[in-house]
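Please model the entire structure based on the sequences and the hints provided.
So the sequence lines, in the order shown, correspond to chains A and B.
Oh and the first sequence: position 110 is 109 in numbering that gives the first Met the number 0, straight run, nothing missing.
Oh and the second sequence: position 153 is 152 in numbering that gives the first Met the number 0, straight run, nothing missing.
For the record, the hints were derived by calculation from the structure and aren't laboratory data.
Be aware that one or more of the hints could be misleading.
With a straight-line Cα cutoff of 20 Å, these simulated DMTMM-like cross-link-like pairs (lysine to aspartate or glutamate) come out [unchecked claim]: (1) B:K273 / B:E93; (2) B:K333 / A:E216; (3) B:K266 / B:D290; (4) B:K49 / B:E31; (5) B:K445 / A:D137; (6) B:K333 / A:E211; (7) A:K141 / B:D290; (8) B:K445 / B:E289; (9) B:K13 / A:D137; (10) A:K187 / B:D290; (11) A:K186 / B:D334; (12) B:K362 / B:E67; (13) A:K186 / A:E117; (14) B:K347 / A:E211; (15) B:K333 / A:E175; (16) A:K141 / B:E93.
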Amino acid sequence: MLDLTTLDAKDTDGKVKQLCRKAIRPHDSLPDLPSVAAVCVYPNFVSTAKEALSGSSVKVAAVATAFPSGMSTLKVKLRETKWAVNQGADEIDMVISRGKFLAGEYDFVSDEIAAVKEECGPAHLKVILETGELSTLDNIRKASDLAMEAGADFIKTSTGKIQPAATLPVTLVMLEAIRDFYYRTGKKIGMKPAGGIATAKLALQYLVMVRETLGQEWLSPDWFRFGASVLANDLLRQIVKEQTGVYQSFDYFTKD
Amino acid sequence: MKKKQKMQKKAEIKSALKINFSTDWKYDPAPESADHIKLEKKYDLFINGKFVAPKKGKYFETINPAKETKLAEVAEGTEEDIDTAVRAARSAYEKIWSKISARERGKYLFRIARIMQEKARELAVIESLDSGKPIRESKTVDIPLAAAHFFYNAGWADKLDYAFPGRKAHSIGVAGQIIPWNFPLLMAAWKIAPALAAGNTVVLKPAETTPLTALKLAEIFQQADLPPGVVNIVTGAGATGAALTRHPDIDKIAFTGSTDIGKLIMKSLVGTNKKYTLELGGKSANIIFEDAALDQAVEGIINGIFFNQGHVCCAGSRLYVQESIAKNLIRKLKDRMETLIVGDPLDKNTDIGAINSKAQLEKIQSYLTIGIEEGAQRFQPACDLPKSGYWCRPTLFTDVAQSHRIAQEEIFGPVLSVQTFRTVEEVIEKANNTPYGLAGGVWTDKGAKVFSITSQIRAGVLWANTYNKFDPTAPFGGYKESGMGREGGVHGLYPYVELAS
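Written out as structure tokens, the structure reads:
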């Protein structure tokens with residue numbers, strides 16, 4: 000239920016390959032650990048990631064639509080999306096136009112999501128609301144409803160570039176929106192809190208929230224993902240502690 | 000025709016949608032440790048600063064309602080014991096408490112409050128053991144709030160001239176106080192703190208099923224060097240309480256409990272010069288308008304009725320939902336009830352603990368049958384219940400009419416009756432159509448609506464977009480058969496002073 004991410008302007012093929020290696024086998028001394036759910040990269044690294052992950056269950060997600068600001072024309076966004084899908088991306092992470100949303104131009108935001116969804120074809124669409132810029136829980140609820148109606152497969156809190164990123168209250172509001180949408184339409188939508196979830200303990204609180212809001216079926220990588228690369232190492236540390244009885248130094252866990 | 004059938008089928012599928020809360024992700028037990036708790040085998044009466052054996056030598060058991068095991072034996076106070084206690088209180092009043100400076104009184108109260116905070120964990124565990132309430136509640140509500148009442152009233156002790164500007168506040172003498180089993184320590188604090196702050200002395204009778212934290216409080220009084228006789232605690236059942244209200248040398252009676260007993264007390268006070276305050280039952284309306292934040296309202300409804308197993312006089316036990324959102328809201332409510340955890344009061348995950356006593360459980364169960372006989376629909380989640388102990392699943396009744404007994408009578412358990420309404424006028428009429436008038440809740444996104452509606456509901460406490468919020472600075476008390484007088488805030492000092500101009 001975890002996505003590993005590298006979204007730096009200084010990313011290279013080498014960096015992406017290393018991350019993919021970790022995604023397949025998170026900790027070499029524990030070979031039985033499952034792989035992570037997906038690796039999230041910029042569109043130009045999709046083919047690199049795809050190749051590095053071939054034969055594994057790990058999916059490739061590409062951020063598109065002028066990530067992280069979303070400040071570009073629809074035409075550019077659509078071409079970027081199409082290109083990433085053609086490169087082999089299994090999932091597309093788009094950002095909504097927050098400026099337009101705050102200006103009340105909901106039709107614009109909705110049409111944009113619908114258009115991107117069409118370009119995605121078979122790829123899953125995650126819609127990033129960038130909740131840290133929406134300011135109120137009312138807005139977050141409104142944006143969640145709007146994204147789901149427009150065709151999102153997943154709704155995601157943040158790009159990771161803006162603070163605050165994912166928080167418990169924001170995630171609860173989005174989970175409640177997903178539940179109400181499910182009851183209204185019968186369609187299940189996935190949830191991805193991203194950024195700010197660094198420890199296993201905090202992750203557990205999120206999982207409790209999912210369990211108590213959406214129940215059993217959402218407790219799966221198909222419907223719930225953590226976008227938190229730092230979390231991976233704390234999880235590994237807890238798993239090793241469970242087996243050995245003592246906490247290992249972080250030096251024993253690879254950063255990439 | 001085909002289109003219509005298709006639409007109908009779609010609607011059927013949608014209404015059959017159900018979120019599956021019976022997950023394979025189970026919670027491990029997370030019990031609060033009770034190892035550090037020291038309970039005596041036998042507790043005597045606390046009179047004149049010392050624990051003394053009851054004159055008739057009788058004791059009764061107090062049990063843990065979650066396990067049906069004995070926690071301790073507690074003395075049964077009789078008329079003779081009450082008399083000794085009242086004499087001790089009178090003497091302490093005349094010789095010490097009315098003589099020392101108001102600042103000194105305040106210092107004692109501050110000291111008691113601080114010791115309560117230091118012993119908060121111990122008090123919380125004992126409260127949960129003795130009453131059955133979840134440790135989460137005793138830790139976050141009962142004990143901190145009890146200490147807060149001492150802190151708050153300690154502040155008033157030397158500022159009574161400012162509480163009643165232009166008047167001189169005199170103490171009245173000896174107060175006889177009888178408290179219920181639902182918030183044992185908190186109710187003791189509600190009663191004792193303002194009485195002492197205003198310069199009175201006290202004889203307190205705790206409820207027979209939950210006397211332990213009051214006796215622990217007696218130990219705190221000893222530790223705080225509170226002068227002997229200022230507070231006396233006489234445990235026992237109804238007869239002990241009756242002896243206290245009858246005693247001729249009591250100046251004021253403060254009672255919290257059922258309306259039936261409240262009426263008896265009121266009758267027994269006729270022709271005497273005793274002042275009195277009564278905090279009695281309730282059947283409070285929790286009103287949800289279509290423009291409310293529904294998920295928040297659901298949390299408020301749950302808190303309103305299932306807090307402390309529904310053993311709350313101001314519980315929001317009548318739910319009124321606007322018809323336009325009723326279906327949606329009730330589904331949310333049922334979903335939320337599926338995730339409630341009923342069980343071990345000492346487990347930190349527990350939402351609903353044990354019913355306080357066997358007698359109370361039987362009373363609640365009789366209403367569960369009455370509801371069905373009256374034609375209402377009953378819903379209970381499929382939660383597991385422990386084998387021994389007194390337990391009741393959280394219960395929801397829909398299709399309830401105003402004339403049903405489950406909508407009229409106080410059940411004092413985790414049972415919610417739901418009715419719908421269409422207009423503002425209708426819901427105000429329904430909310431007020433009750434012999435009670437203790438509390439109520441209104442849920443709406445519009446501020447103006449809040450003020451317009453709360454001012455038309457005849458109840459002592461009204462919450463807007465929240466429920467069961469308590470604070471020592473806020474007065475609490477009822478209209479009609481829910482009681483007389485107020486406790487808390489400046490209003491709570493009134494019953495303990497005589498005002499001279």
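Looking at the structure, which of the earlier hints fail to hold?
-> 3, 4, 9, 10 and 16
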